[in-house]
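Undergrad: Sequence:
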Amino acid sequence: MPGVDTAQVETSAQVAQEASPALVVLSGRPGTGKTTIAREVCRRLGACYLRVDAAETALARTGAAVGVGGYAVIHELAVSNLLLGNTVVVDAVNPVPEARMSWRDAARRAGVPLVNLETVLPDREEHRRRVERRVADIPGHEVPTWEVVQSGEWSAWDEGRDGPRVLVDATDTAAAVALVLDAVCRPNG
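Our numbering puts the first residue of the sequence shown at 945, with every later residue one more than the last.
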């Protein structure tokens, strides 16, 4: 991991593994690195990984209307795993305030801290490149085109409305993982 103190990343991972469970939610537009970062954080923490895309794709395969169903399924799975004492990392776009606020309810129900993170790619061309090179990794999942990403619903994060969050520049994946691990180690600042 170039430019990142791997010893610090490992120390952060060890501390986070020993910490109380938390609900860690990675939000952001498609193609900003949520899945890559979430998977690596889960590997390091031994945390439960829940991806809304997987739930939505599975629901669509059954012929069920998806709508908010994928989010509802992941909320319940998150609470169930949190109540078992597991840290849960959620990978979801969360494009609107209602989606973001629902994670607060899930964390409250489980009695755990909520760690909100928003992944971004400040370089528009890098974001476009990543979106255009994406390949579906779930059978039946259709990755959005750049045009769909640009025109998709997205409300800018407002901490007064959506709650506090850590902004994660996902340009350098290793640095982003280190930042997320640090946030998990100190969920309340």
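Be a bit skeptical, because a hint or two may be false.
Stated by the list, open to error - Pairwise CB distance ranges (calculated):
#	residue 1	residue 2	range
1	1066	1103	17 to 25 Å
2	1004	1118	30 to 38 Å
3	1009	1068	20 to 28 Å
4	1130	1010	16 to 24 Å
5	964	1095	22 to 30 Å
6	1081	1104	31 to 39 Å
7	1117	1068	30 to 38 Å
Hints in this document: simulated from the structure, not taken from any laboratory. Each residue gets a CB set at the ideal place from its N, CA and C atoms; glycine is no exception.
Undergrad: Run every hint past the structure and note whether it holds.
TA: A quick look at each hint next to the structure:
For the hinted restraint 17 to 25 Å between residue 1066 and residue 1103, the CB-CB distance of approximately 19 Å keeps it satisfied. The hint said 30 to 38 Å for the Cβ distance between residue 1004 and residue 1118, and at roughly 33 Å that hint holds. Checked against the hint of 20 to 28 Å, the C-beta distance between residue 1009 and residue 1068 comes to roughly 34 Å, which is inconsistent with it. A C-beta distance of roughly 35 Å is found between residue 1130 and residue 1010, which places it outside the suggested range of 16 to 24 Å.
Distance hint check: the CB atoms of residue 964 and residue 1095 are about 41 Å apart, inconsistent with the given range 22 to 30 Å. For the pair residue 1081 and residue 1104, the beta carbons lie near 36 Å from each other, so the given range of 31 to 39 Å is met. Under the hint 30 to 38 Å, the C-beta atoms of residue 1117 and residue 1068, about 18 Å apart, miss the expected range.
Going down the numbered hints, you'll see the structure goes against 3, 4, 5 and 7, while the others check out.
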